[in-house]
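> Sequence:
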Amino acid sequence: MRLLLVEDDNHVAAALSAVLERHGFDVVHARSGEEALRELLPSDEVAPFGVVLLDLGLPDQDGFEVCGRIRKISSTPVIMVTARGGVRSRIHGLNLGADDYVVKPYDTGELLARIHAVSRRAAVPDESEGTARDDSVPADSTLRVGAVTIELPTRQVCVDGTAVSLTRKEFDVLALLAQRPGVVFRREQIISEVWRTSWEGTGRTLEVHVASLRSKLRLPALIETVRGVGYRLVEPSQTV
Numbered sequence: 001m002r003l004l005l006v007e008d009d010n011h012v013a014a015a016l017s018a019v020l021e022r023h024g025f026d027v028v029h030a031r032s033g034e035e036a037l038r039e040l041l042p043s044d045e046v047a048p049f050g051v052v053l054l055d056l057g058l059p060d061q062d063g064f065e066v067c068g069r070i071r072k073i074s075s076t077p078v079i080m081v082t083a084r085g086g087v088r089s090r091i092h093g094l095n096l097g098a099d100d101y102v103v104k105p106y107d108t109g110e111l112l113a114r115i116h117a118v119s120r121r122a123a124v125p126d127e128s129e130g131t132a133r134d135d136s137v138p139a140d141s142t143l144r145v146g147a148v149t150i151e152l153p154t155r156q157v158c159v160d161g162t163a164v165s166l167t168r169k170e171f172d173v174l175a176l177l178a179q180r181p182g183v184v185f186r187r188e189q190i191i192s193e194v195w196r197t198s199w200e201g202t203g204r205t206l207e208v209h210v211a212s213l214r215s216k217l218r219l220p221a222l223i224e225t226v227r228g229v230g231y232r233l234v235e236p237s238q239t240v
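Letter by letter, the sequence shown follows residues 1 to 240 in the UniProt record's numbering.
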C-alpha cells in the first residue's frame, strides 16, 4: 500500500517511515500541506494512496485546513496524528472528514492497527459515497425516534424536518442505536458492528463519535451514556 506521511519534522518522519516500510508500506513523505495536496492529485503514472497520516502542526497551514482541502479532491482515508489530544480537536478533525485521530505519543503497534482498520473500512462499499446500497437494508426502511428521522437506504438524517450532515460512522452509530430505542448497546457490540473490529483502541474513537452526534443533532439527551456498559437512544417519553 502507498502511504502519504505529512510531517514537517524530518527526524520524526524518517523514524516512522522506516517502521512503516518494514511493515510493507510504500511511504511518500510530504513536509507541508501544499506538498501533500500536490501528491494527492490523480495521476495515471502512480497508484493512488491507501492512507494519509496527517500531522496538524505544519509550517504553511494548519492540518485541519489541509484535511478539509483533501476532502475536496480525494476520498483517501485520513488519520490525524498529533499532540492535540483535546476532545474538541478530535471532534473538529472528524467533522472535517478525518477517518481516525491518533494522539502523540502513540504506540507504533496501535498506529499500524489503525492504518489497517481504516483501510479495511475504506474497502467496504458505502452508499453515502455513491456505491451500491446494501441489499440487506429494505428499500423503505425509515427509523423515527422523537424529532429524529433516519432514512436507511439514502443514509439521510433529519431533526424536525431539517437535514443533518453526518459522517459515515456517525450515521452507522445512530442507525444502530435507533433500531432498538431504550435498549442499551454495549460498547464492544457497537465497535464490532460499526467498526467491524474487536480492537480495544477503537473505544476512544466511539466516544468522540457519540460526542459529535450529540452536538450535530442538538439533542444532547438523546444518546445516554450507561456508565461502564455502553449507550442507548432515549425515547421522548423517557426524557426529563
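Think of the hints as simulated: they come from the structure by calculation, not from any bench. Quick caveat, the model's predicted, so the values are computed rather than measured. Any given hint could be a false lead.
Derived pair list, reagent style DSS-like, types lysine-lysine, alpha-carbon separation capped at 30 Å [said to hold, decoys possible]:
id	residue 1	residue 2
1	K169	K216
2	K104	K216
3	K72	K104
4	K104	K169
5	K216	K72
6	K169	K72
Here are the computed distance ranges between Cβ atoms for each label pair [as the list claims (entries may be wrong)]:
id	residue 1	residue 2	range
7	S141	G57	42 to 48 Å
8	Q156	P48	24 to 30 Å
9	R22	R120	17 to 23 Å
Heads up, the beta-carbon is just placed ideally off N, CA and C, and yes, glycines get one too.
> Which earlier hints can't be squared with this structure?
Checked against the structure, no hint fails, so every one of them is satisfied.
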